[in-house]
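Asker: Work the whole structure out from these sequences, hints included.
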Amino acid sequence: MTALEIEALSHHFGGLTALDRVSLAAAPGERLAIIGPNGAGKTTLFNIITGIYRPAEGRIRLLGQDVTRLPTHRRAQLGLARTFQITTLFPRLTVLESVLLAVQGLDSARFTIHKSRESYGHLREHAESLLADWGLADRAGQVTRHLSYGEQRQVELVLALAGAPKVLLLDEPTAGLSPAETASVVEMIRRFSRDTTILLIEHDMDVALDLVDRVLVLFQGRVLAEGSKDKIKSDREVAAIYLGTDDA
Amino acid sequence: MSTRVAAGAVALAMLVALPAALSSYQLSLLTKMLIFGIFAMSLDLLLGYAGLPSLGHAAYFGVAAYTVGLLALRVANNFWIDFPAGLVMAGGVSALFGLFALRTRGSYFLMITLALGQVLWGIAFGWRSLTGGDDGLPSVPRPRLPLPWSLTEGVPFYYFVLVCFALAIGLLALVVRSPFGRALVGIRESERRMEVLGYDVWRYKYFAFVLAGLFAGVAGNLFVYFNGFVSPSYLNIVFSASALLMVILGGAGTLVGPAIGAAVIVALENVISAYMERWVLVLGVIYVLVTLFAPSGLVGLVKQRMGASRS
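Chains as they are written, first to last, in the numbering used here: chain X, 453 to 700; chain Y, 18 to 328.
These are computed hints drawn from the structure, not numbers from a lab.
Wrong hints could be hidden among the right ones.
[As the list claims (entries may be wrong)] Estimated spans, in silico, between C-beta atoms of each pair:
#	chain 1	residue 1	chain 2	residue 2	range
1	Y	39	X	590	27 to 33 Å
2	X	518	Y	105	36 to 42 Å
3	X	477	Y	20	40 to 46 Å
4	X	601	Y	122	23 to 29 Å
5	Y	20	X	464	41 to 47 Å
6	Y	93	X	560	56 to 62 Å
7	X	480	Y	105	24 to 30 Å
8	Y	323	X	467	54 to 60 Å
9	X	465	Y	146	40 to 46 Å
10	Y	124	X	475	48 to 54 Å
11	X	480	Y	188	44 to 50 Å
12	X	559	Y	161	57 to 63 Å
13	X	454	Y	254	53 to 59 Å
14	X	465	Y	22	51 to 57 Å
From the three backbone atoms N, C-alpha and C, an ideal C-beta is built for every residue, glycine too.
Answerer: Structure below.
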């Protein structure tokens, strides 16, 4: 069974074709980079996989189940998580509160209205252990918007990991970070469970090729090339449109 | 936390003891403050917690007041029928309006809640044979309960309202601390993120919307008993806007703040309307002053002061 399977997905914004019959499949635990120039349709693809947009055509299967018509939160319940290119954290909540929301989201207590959350000790324990695991324990009480940009990225990754997702979509996790911050985020991603399938959108080729097993190149809404890291590196067409033609 | 419990206990003790020290007129003002406090807190659930700025919250207050008034006048003055009927109508109307309003966000939400509220105002205003039009429904009787005290008296009625107020603030405080209430805050901060984390955002907002309508209905029920009269002005935009102002003045998202805001507005209205008729103008000025000098409300100001003196 594939973890994620996409079949002939198309999407249009008005007259513009953002995605044109894109197909891909990712095996359980596989790490796949999606690269391509700006406007290639990478983020649109993530938005369709998570159900933020409905595709014009095509199918999406998550862990063998057709989720093409499912709303976003149902896909999350099935084990799909993602991060955003633009951080959409909870700016006025503390880090601990944010992680608690992430932990609670997949817990059966999430609809409870007649009991204080304080009475659910396991939620807090889980949230605190996540923060401790990822070295953010000392940030727990801080309001998210007061963190550095790099730390916000780390918090975002922790939120995505809180539900132990089967499939994780990372949309440019190192965009806008300093080299040192990038290194720590890359280190974090490297430590993610090998059971989690990861799709990674990344502009920094070194980062992308460092983290993944396989690469898919999108160009103008189409899959231009797909294959192992080495194959993509030596692909002349990819080099021409994306990596620059100097060494081609 | 323990200081909060202590402050709550002191406030409650004062509210219990106050009738002994107040004239009957002052007591009726205090009763009105508590009723409007419930109304403001119900709106805070939407505005302060879920981040939904409703400009039509008077609809649920007014619908409950009219329901209780009509039943008590025309059918039977039976508390056990009329009071629940007011709540059912408030809940029902908010369940219906929520379906439309929650399709929108931000200022569109503001506009559609306003428009829906005005529809009810128009009905109350135009359907004279049922509602009495702009004359309203006069001489609504107080309920008769199997209690040793008659609620037609100011003091017993005050205690009746105080019990309702205490129940309302207790229940709402529990709701905002529950996993559901924390999720509302998450939705206020970032809807998209909450969806991706597995929350059915619409369902949370809809439930909050109906719950807020129900608590507004409690306030409307009590108000018509208190006032003995209801008119279309309790359904219209000015009343909705003053509720918003109570919430913002007291401090949105603090629950107790809006109750304080309600008390301040009721007191000011009482003082100012003795001297001039342009009460709405004064409301406007208060709004401007609050947004300029105390954007997080009176509770926010107090917190700031306490924080400053501590550091």
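Asker: Confirm or reject each hint.
Answerer: So, going through the hints one by one against the coordinates:
1. Residue 39/Y and residue 590/X have their C-beta atoms about 52 Å apart, which leaves the hinted 27 to 33 Å range violated.
2. As the Cβ distance of residue 518/X to residue 105/Y is approximately 41 Å, the hint placing it in 36 to 42 Å holds.
3. Separated by about 58 Å at the C-beta atoms, residue 477/X and residue 20/Y break the suggested range of 40 to 46 Å.
4. Residue 601/X and residue 122/Y have their C-beta atoms about 27 Å apart, which keeps the hinted 23 to 29 Å range intact.
5. Under the hint 41 to 47 Å, the C-beta atoms of residue 20/Y and residue 464/X, about 58 Å apart, miss the expected range.
6. Checking the proposed 56 to 62 Å range against residue 93/Y and residue 560/X shows it is violated: the Cβ atoms sit about 44 Å from each other.
7. Distance hint check: the CB atoms of residue 480/X and residue 105/Y are about 51 Å apart, inconsistent with the given range 24 to 30 Å.
8. Under the hint 54 to 60 Å, the C-beta atoms of residue 323/Y and residue 467/X, about 58 Å apart, fit the expected range.
9. The hinted range of 40 to 46 Å is not satisfied by residue 465/X and residue 146/Y, whose Cβ atoms lie roughly 54 Å apart.
10. The hint said 48 to 54 Å for the Cβ distance between residue 124/Y and residue 475/X, and at roughly 41 Å that hint is violated.
11. In this structure, residue 480/X and residue 188/Y meet the distance hint of 44 to 50 Å, their C-beta atoms being roughly 46 Å apart.
12. Between residue 559/X and residue 161/Y the CB atoms are about 47 Å apart, so this pair departs from the stated range of 57 to 63 Å.
13. Residue 454/X and residue 254/Y have their C-beta atoms about 55 Å apart, which keeps the hinted 53 to 59 Å range intact.
14. The hinted range of 51 to 57 Å is satisfied by residue 465/X and residue 22/Y, whose Cβ atoms lie roughly 54 Å apart.
Consistency note: the structure conflicts with the earlier hints numbered 1, 3, 5, 6, 7, 9, 10, 12.
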